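*Asks:* Protein chains in written order, with numbering that gives the first Met the number 0: chain W, 0 to 246; chain U, 0 to 348.
Please keep in mind that the hints were generated in silico from the structure rather than gathered at the bench. Be a bit skeptical, because a hint or two may be false.
To be verified - Heads up, simulated DSS-like pairs for lysine-lysine below, C-alpha to C-alpha not over 30 Å straight-line:
#, chain 1, residue 1, chain 2, residue 2
1, W, 139, U, 3
2, W, 115, U, 188
3, U, 217, W, 116
4, W, 228, W, 188
5, W, 124, W, 164
6, W, 92, U, 188
7, W, 115, U, 217
8, W, 116, U, 188
9, W, 139, U, 217
10, W, 139, W, 92
11, W, 139, U, 188
12, U, 217, U, 188
13, W, 124, U, 188
14, W, 124, U, 217
15, W, 116, W, 92
16, W, 188, W, 164
17, U, 328, W, 92
18, U, 217, W, 92
19, U, 3, W, 92
20, U, 217, W, 61
21, U, 328, W, 115
22, W, 116, W, 164
23, W, 164, W, 115
24, W, 139, W, 164
25, U, 328, U, 3
26, W, 92, W, 164
27, W, 124, U, 328
28, U, 287, U, 188
29, U, 3, W, 116
30, W, 139, U, 328
31, W, 188, W, 124
32, W, 116, U, 328
33, W, 115, W, 92
34, U, 217, W, 164
35, W, 139, W, 116
36, W, 164, W, 228
37, U, 3, W, 115
38, U, 188, U, 328
39, W, 164, W, 61
Computed from a prediction, not measured in an experiment: that's the story for all the values here.
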Amino acid sequence: MSTLIEVSGVSKSFGGVVANHDVSMAVPDGGITALIGPNGSGKTTLFNSIVGYHPIDSGSIKFDGQEISDLRVQEIARLGLLRTFQQTRIYGKMDCVKNMLISVPNRNSSFTDMFKKYPQDVTDKAEHLLEFVGLYSKRKLLAGNLSFGQQKLLEFAMALMNEPKVLLLDEPTAGINPTLINGLIDRLKLANSEFGITLFVIEHNMRVVMNLADNIYCLAHGEMLAHGKPEEIQNDQRVIDAYLGAH
Amino acid sequence: MMNKYTLYGITLAVGIFGPLMFPAYITQFTVLWLMVVFSLTWDIMGGQMGYNSLGNILFFGIGMYVCAIVQVGLYYNVGEYTAYSGAVKVNFTPDQYFTGLALGTVAAAIVSSLIAVIFGWIVFGLRGPYFAIGTLGVAIAAGELIGAWDYVGGGGGMSLPLFPGDSDGTAFNYVAMFTLAIATFLFLKWLYASRFSLAINAIRDDEEKAEGMGIQTKRYKTVAWSISAFFLGISGAIFGNMTGFIEPLEVAFPTVTFGIFMVLMALLGGKGTLWGPIIGAVLFHVIKEFTWTVLLGWQWIALGALIVVNVVFFQQGLVGWMQERWPEKFGIEVDTQLGVNENPSETVT
Numbered sequence: 000m001s002t003l004i005e006v007s008g009v010s011k012s013f014g015g016v017v018a019n020h021d022v023s024m025a026v027p028d029g030g031i032t033a034l035i036g037p038n039g040s041g042k043t044t045l046f047n048s049i050v051g052y053h054p055i056d057s058g059s060i061k062f063d064g065q066e067i068s069d070l071r072v073q074e075i076a077r078l079g080l081l082r083t084f085q086q087t088r089i090y091g092k093m094d095c096v097k098n099m100l101i102s103v104p105n106r107n108s109s110f111t112d113m114f115k116k117y118p119q120d121v122t123d124k125a126e127h128l129l130e131f132v133g134l135y136s137k138r139k140l141l142a143g144n145l146s147f148g149q150q151k152l153l154e155f156a157m158a159l160m161n162e163p164k165v166l167l168l169d170e171p172t173a174g175i176n177p178t179l180i181n182g183l184i185d186r187l188k189l190a191n192s193e194f195g196i197t198l199f200v201i202e203h204n205m206r207v208v209m210n211l212a213d214n215i216y217c218l219a220h221g222e223m224l225a226h227g228k229p230e231e232i233q234n235d236q237r238v239i240d241a242y243l244g245a246h
Numbered sequence: 000m001m002n003k004y005t006l007y008g009i010t011l012a013v014g015i016f017g018p019l020m021f022p023a024y025i026t027q028f029t030v031l032w033l034m035v036v037f038s039l040t041w042d043i044m045g046g047q048m049g050y051n052s053l054g055n056i057l058f059f060g061i062g063m064y065v066c067a068i069v070q071v072g073l074y075y076n077v078g079e080y081t082a083y084s085g086a087v088k089v090n091f092t093p094d095q096y097f098t099g100l101a102l103g104t105v106a107a108a109i110v111s112s113l114i115a116v117i118f119g120w121i122v123f124g125l126r127g128p129y130f131a132i133g134t135l136g137v138a139i140a141a142g143e144l145i146g147a148w149d150y151v152g153g154g155g156g157m158s159l160p161l162f163p164g165d166s167d168g169t170a171f172n173y174v175a176m177f178t179l180a181i182a183t184f185l186f187l188k189w190l191y192a193s194r195f196s197l198a199i200n201a202i203r204d205d206e207e208k209a210e211g212m213g214i215q216t217k218r219y220k221t222v223a224w225s226i227s228a229f230f231l232g233i234s235g236a237i238f239g240n241m242t243g244f245i246e247p248l249e250v251a252f253p254t255v256t257f258g259i260f261m262v263l264m265a266l267l268g269g270k271g272t273l274w275g276p277i278i279g280a281v282l283f284h285v286i287k288e289f290t291w292t293v294l295l296g297w298q299w300i301a302l303g304a305l306i307v308v309n310v311v312f313f314q315q316g317l318v319g320w321m322q323e324r325w326p327e328k329f330g331i332e333v334d335t336q337l338g339v340n341e342n343p344s345e346t347v348t
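Generate the whole structure from the sequences, applying the supplied hints.
*Replies:* Shown next, in the form of structure tokens:
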């Protein structure tokens, strides 16, 4: 598998706090990669650096061979590198279908596209994806009136609508009840296998990580601690120590 | 939307028969349509996009001055004309008048839009209350700058060419303003049916998310503001000719009257809806004129009380309140089982 996202030697500090120090990692094309680590280990900072939310202090981030560390959020999103948020973010005062429609890819949208209407096949696709995540019956409701878990599903569907090459998910199962988690794992796997979207996931829930990922990175204190297959990480003494606070 | 055609009917009937039946109030009717334009154009940004501009009056004043400069400048030296203003009566032939007015209005619209693009580039870095204060500052500064510019008469203002012929032009100005209001409405109706409305609504609901999804937010914001400015510029051009004399602080850049009225009208009617600003403008204008007539001396207090009631009890405005009360009539679906359906897994099985 070729490398889709290549992070090399990235450092980022906020004032005196070093959030990431000399972090290097690679997200292979087509797989599901997970990023784990205790609270405050710099996972979300690394995510934000990759999607261009803030500039990095040093190092390089390449997407599909192209340097993206100096691009802005929108430009990176239009390249096909999309993220979802830890605190779910949807457009609350619009209904679900509209949330989906406005999420179409903006890769080649020209000036006059702003004033066009959506063709029927786009609406069909939006409804089809809502059905895929199990929100079809709620499609006419205002997104802000959905429950938290439903909003997470909607955000996931919106991300799929955007047809990204790689999707960065920040804790997709946080705050969702256990029954729903299994359904979500299945859908994430389907998105990967059926739609061919590379996934890069931050996750705390070890059951989810071991189930989902084929490739795991572990951060601790802003540095890359370990990398390997799920079973290797599970048995890595340094990872266990980091989680239990031996560091 | 409910009773769409009734609303169209009422609007057209008021627009056409109002001034015919009450010719003494024709200027009031002209101002009414001006208020509708104000409120509709403010709502593009304030209601649909969530950017509360307090400085939209800027484009009204710019349109007014640009039109005046073109109208006079085509035939005379503006600097000399304003210096002579009041002393020398300059006669414009009907041909000169209408050519100047037509070109002036077009120029007003274009220049206002361009200025919106330039200012947008500066102030769109600001969010929330900072944007509101920033735009207010720009509008106030513009009034002061024009007041210091002797070429256009400075604080003393300048008078506009007289309407040719025996008529004083009130009927002509009325038709112009009414047409502008209708054109603004139809344009926005078309605009809000396109992708544009979803994008600016998305910016209103969560701009950071919209950026994260790759929407060209800056492009949408700039275009939205220049659309407001386009119609406001034309309204300024017409209003300037209606009053016949323009000066910077009270007529062209009246930040604390017209500039604030546009916000209040949209809030009163219901921001973020197509009809809300129109209904708000009509209500506001009627209430305002009523209090000015009946409660003279207390009119600002009455207006203040209205604002307080609006903001405290009716934040979503009249149409917004109706949407909450009867959502089904507005095509909004409400999940009736929302209370018991807190568990999202039920929808997935």
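*Asks:* For every hint, state whether the structure bears it out.
*Replies:* Do the hints match the structure? See the list:
no.: 1; hint: W:139 - U:3; in the structure: 21 Å, holds
no.: 2; hint: W:115 - U:188; in the structure: 13 Å, holds
no.: 3; hint: U:217 - W:116; in the structure: 20 Å, holds
no.: 4; hint: W:228 - W:188; in the structure: 17 Å, holds
no.: 5; hint: W:124 - W:164; in the structure: 18 Å, holds
no.: 6; hint: W:92 - U:188; in the structure: 19 Å, holds
no.: 7; hint: W:115 - U:217; in the structure: 18 Å, holds
no.: 8; hint: W:116 - U:188; in the structure: 13 Å, holds
no.: 9; hint: W:139 - U:217; in the structure: 29 Å, holds
no.: 10; hint: W:139 - W:92; in the structure: 12 Å, holds
no.: 11; hint: W:139 - U:188; in the structure: 21 Å, holds
no.: 12; hint: U:217 - U:188; in the structure: 22 Å, holds
no.: 13; hint: W:124 - U:188; in the structure: 26 Å, holds
no.: 14; hint: W:124 - U:217; in the structure: 27 Å, holds
no.: 15; hint: W:116 - W:92; in the structure: 20 Å, holds
no.: 16; hint: W:188 - W:164; in the structure: 15 Å, holds
no.: 17; hint: U:328 - W:92; in the structure: 17 Å, holds
no.: 18; hint: U:217 - W:92; in the structure: 21 Å, holds
no.: 19; hint: U:3 - W:92; in the structure: 23 Å, holds
no.: 20; hint: U:217 - W:61; in the structure: 25 Å, holds
no.: 21; hint: U:328 - W:115; in the structure: 26 Å, holds
no.: 22; hint: W:116 - W:164; in the structure: 25 Å, holds
no.: 23; hint: W:164 - W:115; in the structure: 25 Å, holds
no.: 24; hint: W:139 - W:164; in the structure: 28 Å, holds
no.: 25; hint: U:328 - U:3; in the structure: 11 Å, holds
no.: 26; hint: W:92 - W:164; in the structure: 28 Å, holds
no.: 27; hint: W:124 - U:328; in the structure: 27 Å, holds
no.: 28; hint: U:287 - U:188; in the structure: 27 Å, holds
no.: 29; hint: U:3 - W:116; in the structure: 22 Å, holds
no.: 30; hint: W:139 - U:328; in the structure: 14 Å, holds
no.: 31; hint: W:188 - W:124; in the structure: 20 Å, holds
no.: 32; hint: W:116 - U:328; in the structure: 24 Å, holds
no.: 33; hint: W:115 - W:92; in the structure: 22 Å, holds
no.: 34; hint: U:217 - W:164; in the structure: 24 Å, holds
no.: 35; hint: W:139 - W:116; in the structure: 18 Å, holds
no.: 36; hint: W:164 - W:228; in the structure: 23 Å, holds
no.: 37; hint: U:3 - W:115; in the structure: 23 Å, holds
no.: 38; hint: U:188 - U:328; in the structure: 18 Å, holds
no.: 39; hint: W:164 - W:61; in the structure: 14 Å, holds
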